[in-house]
Amino acid sequence: MNRPVRHSLLLLLLASACFTLATLLQPRVATWGQRHAADSLMKVVLGDGRRLFANHFFVQADVTFHSGYYPSIFDRDQAPKGTRHLTASPEDHEEHDHEPPDPGREKDEDHSGHACEMSFLGPPRDWIEAFGRRFMVTEHTHLKGGKEREMLPWLKISAELDPQRVETYTVASYWLRNLGKFQEAERFLREGLRNNPKSYEILFELGRLYNENLQDPNRARNVWELGVRCWDERESKKDKPDLLALDELTVHLADLEEKAGNLARAIEWLQRALRASPRPEAVQERIEDLQRRLAAGGSRPSP
Amino acid sequence: MNTVWALAGVVIKELYRRKDFYVLFVLTAVMTLLMGSITFFNDPRIASYLKDICLLLIWISALVIAITTTARQIPAERENRTIFPLLAKPVTRGQVVAGKFLGCWLASGIALGVFYLFFGVVSASREHDLAVIQYLQALWLHWVMLAIVVGLALLGSLVFAAPSSNATICFIVVLGILLLGRHLNQVALQQPEPLRTVVYSIYFLIPHLEWYDIRDLLLYDHPGLRWTDCLLATLYAGVYTAMLLLGAWLLFRRKPLHA
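The listed protein sequences correspond, in order, to chains A and B. For the first sequence, this note's numbering assigns the number 1 to the initial residue and increments by one for each residue that follows. For the second sequence, this note's numbering assigns the number 304 to the initial residue and increments by one for each residue that follows.
Just so you know, the hints here were simulated from the structure itself, not pulled from any lab data. Backbone N, C-alpha and C define an ideal beta-carbon position, used for all residues, glycine too. Honestly, I wouldn't trust all of these hints.
[Stated by the list, open to error] Some chain A residues flagged as far from chain B (calculated, every beta-carbon gap over 12 angstroms):
1. N2
2. A15
3. C18
4. R28
5. L193
6. N196
7. K198
8. E201
9. R221
10. R265
11. E268
12. Q284
13. L290
14. A295
[Stated by the list, open to error] Computed beta-carbon distance windows for the label pairs:
15. A:L9 / B:V462: 55 to 61 angstroms
16. B:V490 / A:K259: 53 to 59 angstroms
17. A:L14 / B:E430: 54 to 60 angstroms
18. B:E496 / A:G122: 18 to 24 angstroms
19. B:L482 / A:N218: 50 to 56 angstroms
Let the hints inform the model, and build the full structure from the sequences given.
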């Protein structure tokens, strides 16, 4: 047998050995780690390290919401706290609104917490800074008129990277609902719920979708009641429970029951809200009003 | 001037003979088109994430092309010993520096033109609209900024021994200025003396490349810049480029050519 034939045979032998080993090892390798269960490219490529980047993309959504006007790491103290400003209703900002500079954006002239938070630039310290500001976004505006959709890709990526970050789902759903994308909002919230089964925040948002957008109060009631149970399970034993979330859930449930004519049930929910509300006197007034109506025999659904 | 143009022409020919530009362009195009093929929440009108990614890739590619092309010009001439017949033409050392700069800057400009054309097509196809003024201002300021980067890399090629070390240092300096330049005064104020004066001096000395990055204005459809601001920024870049080229010429004038 000459040398080239021997080499070819050796090569074939090695290739066969590789193939045989691959068929033997592949099923074993698949059980070594959890990677085989990964259902997205990002999970496969980044593993758990992807959660580190999730915040970056969530912040990028916030930057987009502010049309590029956003504090840098050097202005971190002035960065917006929490995520509530991301889901503030447009009316909250329009109260003090003047002429909007652009139909796609809404000028934020209100001097409430968020506007003050975002006035991070201050007067320029020198001519370089003063001149440099002509090349950057220096006006605090929020997207509006349907342009809020531009935030959505960053939220979707953030959710892909960190599926346990609940606010990503609630913020995205808020804007999807505002943009009239109810099916997409429901699908995204359901995905969030699969990843965070006990999240009362996601259940609250899902209830709002059913109640306000899909006109399905029965499903909203079920979802919110489940939300209250999840809240009890997760928060009731904490030193500092998330009372605001409980207030929102119970007040919405009370509204729902009042509209359905179940005044006694509405009062029960408001009594629960009384312990969680930042304005208990207003809740108490509502309870008394409902009690008067109940005593007068008025358990008809309100218009 | 003809000599300078002839030298510049050689550098431009080098750009399209080498594969750097094609690789970077194809990478940018493929990544942008891949991202563009994803539809988020069944809304095909969402565009800013795509523009953002495309512009970021363009900025990275433009910096890579400008720095790597410039960093190897004079070291390659010396290594191949083509600098001797070049200077025997006769071509002065000043003309070599000017020619190399012009060639690298124009080559970067041509590459940038192709990249921005692609960006314009992507942007217009998504939004069915193109803010032409803002788009041209972004292109112009980007190219003007590259003049400073090319000047810096040319000066570096006469200071540092190898093109690789020069390119690395240039990348660090340029990225450092782009990321931190705007905030150095803020950092300086938080330092005790004499560090405060040192940092503040650096702040005033460095060319503020971050001014030329107007991606946010382009991405979020803000109104265009005033033309006087563009002109002033161009003058500022011109002064820094002239300083860097003067420094490169002074160094090159005294530099022994044999390795």
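Now for the hints, and whether the structure bears them out:
1. N2: holds (41 angstroms)
2. A15: holds (32 angstroms)
3. C18: holds (31 angstroms)
4. R28: R28 of chain A is indeed farther than 12 angstroms from all Cβ atoms of chain B, at 33 angstroms.
5. L193: holds (17 angstroms)
6. N196: The claim holds: N196 of chain A sits with its nearest Cβ about 19 angstroms from chain B, beyond 12 angstroms.
7. K198: holds (25 angstroms)
8. E201: holds (20 angstroms)
9. R221: holds (27 angstroms)
10. R265: Non-interface label stands for R265 of chain A: nearest chain B Cβ at 36 angstroms, farther than 12 angstroms.
11. E268: For E268 of chain A, whose nearest Cβ neighbour in chain B is about 38 angstroms away, the distance exceeds 12 angstroms, so it holds.
12. Q284: Correct as stated: the minimum Cβ-Cβ distance to chain B is 42 angstroms, above 12 angstroms.
13. L290: Non-interface label on L290 of chain A holds, nearest chain B Cβ at 39 angstroms vs cutoff 12 angstroms.
14. A295: holds (49 angstroms)
15. A:L9 / B:V462: 55 to 61 angstroms: This hint holds: roughly 59 angstroms between Cβ atoms.
16. B:V490 / A:K259: 53 to 59 angstroms: holds (57 angstroms)
17. A:L14 / B:E430: 54 to 60 angstroms: holds (55 angstroms)
18. B:E496 / A:G122: 18 to 24 angstroms: Distance hint for E496 of chain B, G122 of chain A holds at roughly 23 angstroms.
19. B:L482 / A:N218: 50 to 56 angstroms: Between L482 of chain B and N218 of chain A, where Cβ atoms are some 54 angstroms apart, the hint holds.
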